[in-house]
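Protein chains: 4
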Amino acid sequence: MIVTLRNSLSAHAENIFIESLKHLQAQYLRKKLYGKDLILIFNSDTQAIAKALSDNPSVERIDYSGKQYRLASSAWKPERTVIDIKGVKIGAGDVVTIAGPCSVESEEQIFSIAKMLSELGVQFIRGGAYKPRTSPYSFQGLGREGLRLIKSAADAYNLRVVTEIIDSSMIDEISEYADILQVGSRNMQNFFFLKQLGKVNKPILLKRGMYARIDEWLMAAEYILSEGNEEVILCERGIRTFDTSVRNTFDLAAIPLIHKLSHLPILADPSHGTGDRSLVPQMGLASVAAGADGVIVEVHPDPSRALSDGAQSLYPEQFREMYSGMKRVGEAIGRKVV
Amino acid sequence: MIVTLRNSLSAHAENIFIESLKHLQAQYLRKKLYGKDLILIFNSDTQAIAKALSDNPSVERIDYSGKQYRLASSAWKPERTVIDIKGVKIGAGDVVTIAGPCSVESEEQIFSIAKMLSELGVQFIRGGAYKPRTSPYSFQGLGREGLRLIKSAADAYNLRVVTEIIDSSMIDEISEYADILQVGSRNMQNFFFLKQLGKVNKPILLKRGMYARIDEWLMAAEYILSEGNEEVILCERGIRTFDTSVRNTFDLAAIPLIHKLSHLPILADPSHGTGDRSLVPQMGLASVAAGADGVIVEVHPDPSRALSDGAQSLYPEQFREMYSGMKRVGEAIGRKVV
Amino acid sequence: MIVTLRNSLSAHAENIFIESLKHLQAQYLRKKLYGKDLILIFNSDTQAIAKALSDNPSVERIDYSGKQYRLASSAWKPERTVIDIKGVKIGAGDVVTIAGPCSVESEEQIFSIAKMLSELGVQFIRGGAYKPRTSPYSFQGLGREGLRLIKSAADAYNLRVVTEIIDSSMIDEISEYADILQVGSRNMQNFFFLKQLGKVNKPILLKRGMYARIDEWLMAAEYILSEGNEEVILCERGIRTFDTSVRNTFDLAAIPLIHKLSHLPILADPSHGTGDRSLVPQMGLASVAAGADGVIVEVHPDPSRALSDGAQSLYPEQFREMYSGMKRVGEAIGRKVV
Amino acid sequence: MIVTLRNSLSAHAENIFIESLKHLQAQYLRKKLYGKDLILIFNSDTQAIAKALSDNPSVERIDYSGKQYRLASSAWKPERTVIDIKGVKIGAGDVVTIAGPCSVESEEQIFSIAKMLSELGVQFIRGGAYKPRTSPYSFQGLGREGLRLIKSAADAYNLRVVTEIIDSSMIDEISEYADILQVGSRNMQNFFFLKQLGKVNKPILLKRGMYARIDEWLMAAEYILSEGNEEVILCERGIRTFDTSVRNTFDLAAIPLIHKLSHLPILADPSHGTGDRSLVPQMGLASVAAGADGVIVEVHPDPSRALSDGAQSLYPEQFREMYSGMKRVGEAIGRKVV
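Residue numbers (my numbering), protein chains in the order written: chain A, 1 to 338; chain B, 1 to 338; chain C, 1 to 338; chain D, 1 to 338.
Keep in mind that the hints were calculated from the coordinates and are not lab data. Hints may be right or wrong, so weigh each one.
Which copy? The list can't say, so a pair holds if one copy fits it or any two copies do.
When the alpha-carbon atoms are kept at most 25 Å apart in a straight line, the in silico SDA-like pairs for lysine to any residue are as follows [unchecked claim]:
| # | residue 1 | residue 2 |
| --- | --- | --- |
| 1 | Lys260 | Thr134 |
| 2 | Lys195 | Arg144 |
| 3 | Lys195 | Asn229 |
| 4 | Lys260 | Arg305 |
| 5 | Lys327 | Gly275 |
| 6 | Lys260 | Ala92 |
| 7 | Lys31 | Gly143 |
| 8 | Lys199 | Ile171 |
| 9 | Lys31 | Thr134 |
| 10 | Lys51 | Ser106 |
| 11 | Lys195 | Ser168 |
| 12 | Lys51 | Ser304 |
| 13 | Lys336 | Arg320 |
| 14 | Lys260 | Pro316 |
| 15 | Lys115 | Lys336 |
| 16 | Lys195 | Pro132 |
| 17 | Lys202 | Thr134 |
| 18 | Lys336 | Ser324 |
| 19 | Lys260 | Ser245 |
| 20 | Lys89 | Lys202 |
| 21 | Lys32 | Ala50 |
| 22 | Lys22 | Ala52 |
My request is simple: use the sequences and hints to build the entire structure.
What follows is the structure, given as C-alpha cells:
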C-alpha cells in the first residue's frame, strides 16, 4: 500500500499525521519525497489501516497495488532512470557493453579478457564467482578467490565489475568487490532476498526469470525499489518455451515493452538468450537495434575449455567483430555503443 | 525415404533400375537431378523396399529421414536458395519489404496503401481475402472480391501480391491473383494441404506454426519441397509462450538459426510477432539487424477502423519512419533494404 | 453474429422479418429453433446489418460474440449434449472406452485387436488410415485399404469405428466407413475444414490443438456447431509445454473445466497425453476419476513393431488390466465404464 | 562427483584412501554407506581429483553426474523411501491428506480448520506464516505469530504441521514449529538455500518449480540429498504453460513418472495445480487414481474472505465431500486414504 500525502501539507501537519499512525499500530516501511509527492510505503495491505486513513484530510491518495507495480512504472516516474557507475551512465542514451566469462576460472583467464576489453574501450567486465548450477555436482565457482581475481583484473584495466550474488548472507562480501550486483534468473522471485537487496547501496542487475511475465518482473523490481534502492537495471536473458532448438527463447520485444511500461534501464543478454555462440553476434546487433540500454555477453579466451556455458561463449575474435557491428548499428539509430 | 543413385550411372543402368522398382511394387514420388545427384523420393518408409534397394549396385545412399528434413537442409544444398519474383530476388542479399493491411477491406483502402508503398519504393503488397479467424463470427474476408481488389491495386502501382491461401480447393483461384501464396501459422502442419502446394508453380510463404519447433517447421517445408516445389520462403511470426504481455513471443533468433540449418530464405513478421504496433518499429529494425531476408509488416490507412488486427497495424506515418530506419540499419550491416 | 427473435413472434411477423433481410443484402447462415428461441446465425459481423437490426421490433437480442463461443457454451444450452452412436450414448453418464492401434497396419493386426475389444465388452475401435505425420518420409497410412480393414473388423465384432479425417475432400470416403470422424490436433484451427464438417451428418471428435487455449478449442467447436452439426465430442490429448520429459503435458483439469463451460461431452486420451505407455494406465484411471465421458487409448498387438506411436501403445495385457481398473474407479464415483 | 569404493575394502584400506585425499587437497562432502556401497560425495567436479582417483585400486566407480541426479534416482535406490512423521508414514502405501488454509490468518480460523480435520481423521494441517507474494504490497503472512498459532491448533487436535520456509535464516525458527518444511515453487532452484536444507534434521517438502522439467526437479532434490538429508518429499503443484484458462496446468502424469524415475514419495496439490476451487475436487480424486502418495489441498472456513488464494480454497463442505470421494477411489486402487 502506498499512501500519498497532500502537497500542501505543512511539516507540522505531517508530524501529526505520522503520530496518528502510531495509534493505528501502522508502521510504514519508508517515507520519501517523489518529485512533489510525499509518500509512505507500507509493506502489506492492512485493510483496517487503509480504511482509517481514507478519511484523513492529509491523505491525497491510497494505492493498493495488490496486483500492480507502482514505483517501477513510467506512470509513477515519467523520466528515465539513469544509473552512474564510476562515471559511466546506464540509461542516459549510450549503449553500454558488459563482457566476460561465465565463471572466473583463473588469473590468466580473467586478466586476458580484461586486457582485450580495455583495448577495445569496453568499460564493464562480468564473471561469476558463486554459480547457481542445476546439478550439485557441477562446478560451483571459485568463491571469494574468484571475486578477488575479477576485482584485480578490473582494477588493473580500469573496468567496472558485474558479478552474481546468490544469497543475502553474501551481501557484504560481494559488495566489497562488485560495482553492480547481479541477481540471476532463478532468484528473480526470491522475495526475501530481493527485500535485502533493497537496502543495499549498490545497483542491482535484475535478470528476468526464465518463466516470468513482464508484470511479475516489474513487481520483483518493485520489491527492491520499495525498500529504498532505486538503482535497478533490468536484463532480458531469454525465457523458457516449448522450443528446444535453442537453450532459451530470446524475447527481444521485451526491450521496447519495458521502455513503454517503466523508467528503468534494460539490458539484453544474447548469450543466455540463445545459448548458442553461432547465434549471439546477430542477436547482439539486433539488441542494439531494438533499443537496449546495454548488452551483456559471454566471451572466453578458449570456450571449448570453459568450466561453464562454453557453448554460448564467444571466441575473442567473434566478440571484437560483434562489438564493431554493434557500434555501426548504434550509429544507424543515433546511439553510441560504449 | 530418399534414394540417391550413383553419379556414374549410365542412362541405361538408370532405366534398368527404374524398371526393377516395378517388381518391388515401389512407386517413387519424384525423380530429380540435384546438382550431380540423381535422387528418387519415396513418400513413405517402406522398409521392405529399402532392404531390397540397399544391395542394389546402382544405389549410392539411402536416407530414411524419418525424423529429419533433408531437402530443406543446408547439408543437402549448401548454396542459398534465391527466389525471383518478377525481377525482385528474395534470398540474394537485399532485404525485401512486404507491407499492407491484414485484410483487404475496400478499393479505397487498398489503393491508398498501394500508392504509399509505390512512392516509397516498396515492391510487395500484402492483404488477406480469405481470413482464418479464431471465431466463426469474426470478419472472414471479402473472398474473391478481395483478391480482385488487391490485384488491381498491385497492377496500378507495379507491386507484387502476397496473399493467404487456406484450402487446397482455392489453389487455382488464388494463383490467378497472387505472386506468392502465403500459408498461415495454423495451417503449417496441415500436411495434406502442404502436399498440394508442393505441386503448385508459385512460391510459397510458409509461416511458422505458433507452436512449431524449428525442426518441425523445416519438415513442413520438406513436405512442399519433396513434391517438387522448390520455392519455399519461411517466415518467423512469433510463437506462443506463457507470457501474455504480448500477443506472441517474437523468436528473432530463429533468423540466424534457420540460416545455419537451411538454404531457404527467411522473413520476419514483427506485426504478428508482437501484436502491438508500439513495439513493431523497433522489432522491424531488429529483424534487419538479425539478418532477415525480408520484413513483412501490417500497415493500414486507419488502424482504429481495421476489421482485423487493428492493434498491430502501423499508421502510414509510422511505417514510413520504420522503413527509413530499416534502410539505415541495413546499410550498417552491408545490406540494401528494398 | 447471432440474432435471437422474440418468442412471441408470429409466423407472419417472422416471414416479414426474413424478407426485410433481403433488402439489407444480409444472408443468414442458418435459422434454428433452440429451445423456445428462434435464432439466425450470420457467419460474419456485418456491422451495418447489426445496426439496422438493432431497432427492429422482432429482434430480441444480438450477440456479436467476436471473441466468444456461444452455441458451445453451457449458458446457451444448460442440459448436456448426448450423442447416440448405434445405441451407445456418449455424454449420458456412462464412460465409453475407445481403443485400437494408432494406424491400421494389416488385417491380422486390426482383427486381433477387434477380437480382444469385443471379448472385453468395449464398443468402439479406433485406428488411422490417413495419418498426419511430422515428416513426409514417415508412414502415411494405408489409405482406403485401411478404412476397409477397420470397417470389416468392426462389423465382424460389432464395434463402432472412429478414424481420422485430414481433408475436406475425404468427407464422403471416410463417412462411408466411420461412425465418428476424428479431427486431429494439428487441424483444430483449420477453419475452412471445420466449416465443411459442420455440414456433415456424422459426429465429430474434435481433438484439442496441442497449442490451443480452452476458449479457442470451444470456438473451433463453434465453427462446426454454427454450420448445423450439433454432434461434437471434444477430446483432451495433451498440450505442448516446456517440459520435454514426456511427449505432451496431459491437461486433465480440462475435463472438469469443459464440463463447467460447455454442454459438449469430453473424452481423455492418455496415450497422446503422455506419449509413454508406462504412464498410460495410471492416467487412464485418473481420467475416469476426473469425470471424463470417455477414454480413448492406443493398444497394439505388438507395440515394438508398430509403424507409428509404438512408444505410447499399450500391450494387450496392459490394456486389459487398465480397463478393469477403470471400471473399479468408475464404480467409486458412481459411473459405469463401458 | 560421487566416488564408490570397492565393497571388499577393509577398514584399514579405507583409512589409507581417505588419507590420500588430503594429499590431493580433496575434501569430500559426505561419506555414507548406501546398501553395500561406501560412497563419498564431492560437491563439485574437480577434474584433477577425478583423474587421480580413477587409477586408485580402492575406487570401484566414479559418477560425474554433471547433468544427472544420482541419489534421487531409482537406479541408485530401488526400494521406495518411506518418511515417518510422528507415526504416520509417507511413501509406504497409504495416501496421506494435508489440508488447511493458504495463510494462517487468525486463531479462530486455524482452530476451526484443525477441528474439522481432526474430526475427519486427517493427520496433517498446512498453513503459511511467511508468504512469498508476487507483489510487495500483498499480505506477507503473520510471521512468527502465525507459526505459533498453527502449532497450537495442531497440538490441540493432534495434527502434524506443514509450513513454508522462505530463507535459510529462518531454519531454526520454522523447525521449532513445523514437522515438515515446505519449499515453494519459486525457491526450487535457490541452490544455496537447498544446500542449507540438506543439513536440517526435518523432512523437506519440495514443490516443483512452475517452470521446472522433471530432471531439474530431481536435481534440486539431489542438492538436499547430497548434503545428507534423505527425507525429501516431492510435490506436483502445476506448471506454467500458454494456457491462461486456469492459473497453472496440473501435470498429473508427473506422479507416475516420478515413481518410475525416483524412490522419493510424491504428493499432488490440486489447489495450486488448478487455481480454481470448482476444479479441485475432481482433480483431488484424479490425484489418488494417478497414484499420488498424498494430496495437499487448501481449505478455508470462508474462502471469500481469505487474505490469499481465496479462489482456489475449498469450502469446508466441499473438502469433506472430496475427502470422502478420495477414500472411495483409494479403495478402488487398493490404497487407504488417511
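Violated constraints from the hint list, given by number and in increasing order: none
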